[in-house]
Amino acid sequence: MAPRREVAESCLEFLYIELVQSYERKDAECAEKGDGRASRAALESIGFQVGQQLAERYTIDRARFADHLEVIKFICKEFWSEIFRKQVDHLKTNRHRALFVLQDDRFRWLRHLSLPAEQTSNTEAVAKYLVFPCGLIKGALSSFGVNCEVTAEISEDARKPTQCSFEVRIK
Amino acid sequence: MEKINAELFTLTYGSTVRQLLIDNEENVDAVNVQLDKMGYNIGIRLVDEFLAKSSGARCRDFKEAAEMIAKHGLKMFLGVTASVSNWNADNTECSLIMDDNPMVDFVELPEQYSNLSYCNMLCGVFRGALEMVNMRVECWYVRDLLRGDDVFEMRLKLLEVTAESYNDED
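Those protein sequences? They're chains S and P, same order as listed. With this note's numbering, letter number 139 in the first sequence gets 121, and the count goes up by one each step, no holes. With this note's numbering, letter number 50 in the second sequence gets 51, and the count goes up by one each step, no holes.
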C-alpha cells in the first residue's frame, strides 16, 4: 500500500461542490426532456463506491463485526473521524434496531457552503450536498454486509446551520 | 492550509471518472471534455484561495505564472511540484513535468480506456485559474504516467493576455 500522503482539504471540497453543481446543471438540461432526477443516483453511486473502498481499507486488520449495532458504532467513531474529522455527536435507534439516526452537530462538509440569504430555501439548497455523503455511508455499510437506505436532514434551527442527521434504515 | 489524507480525495476523483464513463456510455472523448470543464469551474474558484493563501504572490507574465503553478500551486493543493521546461522561443508555450501526482495512486487504466486522459481535470483547473488572472490558455497532456510514459508532461500554451479590468499599478 502506498504511504499515507496528504492533499489540501480544499481539493476535496472543490471537487465535491463541482460534482454537485455539474449534476445540477445536467438535471436542468435533462428536465426539458422529462428526466431530471438521474443526477441523484449518479452522485449517490459515486459516494457509494468511495465509501465501500474506504471501509475496506479502514478495517483490513480488524475482526469481523458481531452485529449491526457494532458496525454502526464503527461508522460513528472511526469512519466518521477519518472522513469528517470528528465523531458523530448522537446516535439513536428504535427498539428493533432497524433504524439508526446519526446526528452530527457540526457536519464538516457543510461549513464552506455559501447559501442563499433567504433562510426558507436553505433546506433544499443544502439537501443536494448531502446525497454524496449518504452514498458514502451506504457504501461503507454495504461493505460490512449491511443493506440499507440512507437519507439526510439538516436542522431547521437557523443558529445551527451545519447540524445534520443521517437516517439509516436497515433493509 | 488544512490537509487531509489523500486517499479520500484520490478515491473520490477515481469514482467521479468512473461515473462519468457510465454517464457517457464509455465515450472516452466526451469524458475528457467533461473532466476539463469541471476542472475549469474549479479553477476559477480555486484561484481566490490560492491568491489569499500565498500572500504577495504576483505574476507579471506568463513565465512567472507557469513557475507559480509548478512550484507553489501544485504544492499547496496536491503536495507535489512540477518542473517547467521546453519553452518555445517567444515564451508563450511551456511544459510542466511531474513525476508524481496523488490523483493516480491506486489507478490502472484498462486497455479500452487508453485514450482517456485520466487527470484531464487538472488541465481545466489551470485554464480556469489562469483565466482569472487574465491569461487565456490551452492545456493538454503530451505524456501521461497512466498511458505508459515515465512522467506527466502537460503542455501549457498562452493564447491571449486579456485586459486588466482594474488598475492596480499604484
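Think of the hints as simulated: they come from the structure by calculation, not from any bench. Any given hint might turn out to be false.
[Stated by the list, open to error] Footprint (simulated), chain S over chain P, 3 or more residues, beta carbon under 8 Å:
1. 92 to 99
2. 109 to 120
[Claimed, not checked] Straight line, CA to CA, 27 Å or less: simulated DSS-like cross-link-like pairs of lysine-lysine:
3. S/110 x P/76
4. P/54 x S/59
5. P/38 x S/142
6. P/72 x S/110
7. S/74 x S/110
8. S/55 x P/4
9. S/68 x P/4
10. P/38 x S/68
11. P/54 x S/8
[To be verified] Pair ranges (Cβ atoms, derived):
12. P/162 x S/107: 47 to 57 Å
13. S/151 x P/64: 50 to 60 Å
14. S/105 x P/139: 22 to 32 Å
15. P/23 x S/81: 39 to 49 Å
16. P/28 x S/60: 37 to 47 Å
17. P/84 x S/48: 25 to 35 Å
18. P/76 x S/138: 38 to 48 Å
19. S/63 x P/161: 46 to 56 Å
20. S/51 x P/113: 35 to 45 Å
21. S/42 x P/54: 32 to 42 Å
22. P/162 x S/55: 51 to 61 Å
23. S/48 x P/19: 45 to 55 Å
24. S/94 x P/55: 15 to 25 Å
The C-beta atom is built at its ideal place from N, Cα and C for all residues, glycine as well.
Restraint check for residue 38 of chain P with residue 68 of chain S, where alpha carbons must lie at most 27 Å apart: Not satisfied, since the Cα-Cα distance of roughly 33 Å exceeds 27 Å.
Agreement of residue 74 of chain S and residue 110 of chain S with the hint, judged by alpha carbon distance not exceeding 27 Å: Holds - the C-alpha atoms of residue 110 of chain S and residue 74 of chain S are around 24 Å apart, at most 27 Å.
Cβ separation of residue 51 of chain S and residue 113 of chain P, checked against the hinted range 35 to 45 Å: With Cβ atoms ~43 Å apart, the hint holds.
27 Å limit on alpha-carbon distance, applied to hinted pair residue 54 of chain P and residue 59 of chain S: Outside the cut-off at roughly 32 Å; violated.
Straight-line alpha-carbon gap residue 38 of chain P to residue 142 of chain S, limit 27 Å: Violated: residue 38 of chain P and residue 142 of chain S sit about 34 Å apart, past 27 Å.
Outcome of range test on Cβ distance (residue 94 of chain S, residue 55 of chain P; 15 to 25 Å): Once the Cβ atoms are compared, 19 Å apart, the range 15 to 25 Å for residue 55 of chain P and residue 94 of chain S holds.
Distance restraint evaluation - residue 162 of chain P, residue 55 of chain S, Cβ atoms, bounds 51 to 61 Å: holds (57 Å)
Residue 84 of chain P paired with residue 48 of chain S, Cβ distance criterion 25 to 35 Å: Between residue 84 of chain P and residue 48 of chain S, where Cβ atoms are some 53 Å apart, the hint is violated.
Distance restraint evaluation - residue 151 of chain S, residue 64 of chain P, Cβ atoms, bounds 50 to 60 Å: Since the Cβ atoms of residue 151 of chain S and residue 64 of chain P sit about 58 Å apart, the hinted range of 50 to 60 Å holds.
Agreement of residue 68 of chain S and residue 4 of chain P with the hint, judged by alpha carbon distance not exceeding 27 Å: holds (15 Å)
Hint check for residue 138 of chain S and residue 76 of chain P - Cβ pair distance inside 38 to 48 Å: With a Cβ separation near 42 Å, residue 76 of chain P and residue 138 of chain S satisfy 38 to 48 Å, so the hint holds.
Residue 162 of chain P versus residue 107 of chain S beta-carbon gap, inside 47 to 57 Å or not: violated (37 Å)
When the structure is compared with the earlier hints, violations turn up for hints 1, 2, 3, 4, 5, 6, 10, 11, 12, 14, 15, 17 and 23 and for no others.
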